[in-house]
Amino acid sequence: MTDTPAILAEGLIKNYGKIRALNGLDLAVAPGTVYGLLGPNGAGKTTAVRVLATLLWPDGGHARVMGHDVVTQAAAARRVIGLTGQYAALDEYLTGRSNLLMIGQLSRLTTRAAARRADELLDRFGLTDAAGRAVKTYSGGMRRRLDLAASLIAHPSVLFLDEPTTGLDPSARALMWDIVRQLVADGTTLLLTTQYLDEADQLAGRIAVIDGGKVIAEGAPAELKASVGGQRVVLELADPEDALVAAKALAPFATTEISPPGAQGSLEVPVAAADGLATQVLRALDAVGVSVNDIAVRTASLDDVFLTLTGHKAEEAEEEAK
Amino acid sequence: MTAIAPPLAEGELVTGTRLGQLLSDVWVLTKRSLARIRREPETLSEVTIQPVMFVLMFAYVFGGAIGIGGKGNYHEYLIGGMIGMGLAQTAPGTAVAVVSDMSTGLIDRFRSLPMSRAAVLMARSLADMLTQIIGTSVTAAVGLAIGWRIHGTALQAIEALALALLFGYAFTWAGICLGMVLRSPEAAQQTGFVIFLPLTFISSAFVPTQSMPGWLQPIAEWNPLSSLAAACRGLFGNPNPAASVDAWPAQHAVAAVICWSVGLIVVFAPLAIHLYRSKNR
Ligand SMILES: Nc1ncnc2c1ncn2[C@@H]1O[C@H](COP(=O)(O)OP(=O)(O)OP(=O)(O)O)[C@@H](O)[C@H]1O
Ligand SMILES: [Mg+2]
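Here the protein sequences line up with chains S and E, keeping their order.
Following our numbering, the numbering of the first sequence begins with 1 at its first residue and continues without gaps.
Following our numbering, the numbering of the second sequence begins with 1001 at its first residue and continues without gaps.
Just so you know, these hints were derived from the structure itself, not from any lab.
A couple of the hints might just be wrong.
[Stated by the list, open to error] Straight-line C-alpha distance at most 25 Å; calculated BS3-like pairs for lysine-lysine:
#	chain 1	residue 1	chain 2	residue 2
1	S	K214	S	K18
2	S	K214	S	K225
3	E	K1279	S	K214
4	E	K1031	S	K136
5	S	K18	E	K1279
[What the hints assert, rightly or not] Stretch-level coverage of chain S by chain E, calculated; a stretch enters the list once three of its residues show a Cβ under 8 Å from a Cβ in chain E:
#	region
6	54-61
7	148-159
8	174-185
In this text the structure is predicted, and so the values were computed from the model without any measurement.
Backbone N, C-alpha and C define an ideal beta-carbon position, used for all residues, glycine too.
One chain only, chain S, in its complex shape (with noise of 0.2 Å):
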């Protein structure tokens, strides 16, 4: 990277009483992009978000956004920063567009310009007709878009969106995506965490996977993808009794460990890319005597990736517990 980052973060810590919830996190992030958080919950997404967004201060480490230290420069930081939380942050009782006028205004916007900005939002993103109305009588999916609104409307360089489309239904997640696709041509630059590896996949340039409090995989998708592994055979077994035996067989194939099988016979395994793959491995199941209903091969996912890196703690971790 050539640029300095519009997104800056070394060693965050950040402790809630004995929770440590950051743990020397490391993010940079490029000017317009968009970047990915992946983790599962209580990984520390939103933590880093609100240490990001000036809202919180780190016990540890130091970031900068913009250039801007988010402690000591707090009030330069936030007039370049958007934040959607993970929960909608609207006034219940006022209207759609009162709302987005008050934000407006509290972000140093003159009146009239809040109020022209916040009829483009409005009518951007489909909201005229509701503009009136107390937020109140909103659907999930109006404030979402609302709340997204409100954030945009001093226009942000840095966007932080945490967990954007939980509970939306798949037209309303097309539009945020479509929106955000429209915020980072326009040059700004956002920062968004999700749980649904598709979103970072299909949005985000570069991903960081967080556990723990601390980054432990970073990159682009298709990096993160190579990382773990190249492709999957994903097996059909016609006797779902087979699958210990068939695991077997197929372990020096695997390139790490093979998961246990799925209740319905399915079998996965990890392998790395090679000609006649699939004859392969279905000589090996018929020489101990296993029979196949059928064969995929396909690469890995990101689903994979996040699996790879945070899953087999979690089912050791459950296993322990037995």
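Got chain S; can you put chain E with the ligands on it based on the hints?
Chain E with the ligands alone, transformed into the frame defined by chain S:
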């Protein structure tokens, strides 16, 4: 497609002094609180229905049994105390509103904006002052209906009301602090009640301090609500048994109310704003 959020043009940003910024933010946020009242007027019941109930109950249920030392009419005596009670009574509501506000994402949004740190709480105190003005007017109107009269000059009456509102405003800051410290609206409601009930009852709001046991009298005499009641009664020209009490706050009721009010503001306003800033921890 044009940009969703095109860059701001020249002159679309306000460039004012810090004070100008604070005043503008406070105004925007006060309007927000008032809009809520417009939409849900029932939130005003605390300062509309309750004062009517309390005045009527004290006047007719207890009034016959409570003596004020032989001189004067109890209804005339009562209103000076009721005004203070009505004001103090809004504090638990303030605390509840602050706790509820602080637990919503909206406050996080405010804290991520380039706005004055003091504005949110100052706006709350101003919006509550408006509800207190309504409450005081209701109390006075019910008082007039049951035979309370102002015997002093108009200027004295205005002084009494101004004094009451000054104290009400100061007391609101205590309510705001309570709301900043507590974590749930229920806790705020209960704690507010536990503070508010003895505060109003161990005072000369409803009965003269002379009728209380000796050990309780100094506490009641130094209670700010006693001073406020005595100041109002004195200025309205109503029966004022405190005039014959030999204690500094009873003899200098107006000065005592001013001291209490300034003291409450000086302690609780900076503390509340400090607590708001420390939400970053
Ligand atoms: N206010 C708080 N007080 C105490 N602990 C907290 C607080 N906020 C978060 N935590 C803890 O810090 C850790 C990280 O939480 P955080 O909300 O950042 O996770 P997350 O990745 O956003 O999770 P989710 O996907 O569920 O939103 C968790 O263990 C959580 O329990
Ligand atoms: Mg979260």
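Subject >> Contradicted hints - numbers only >> reply: none
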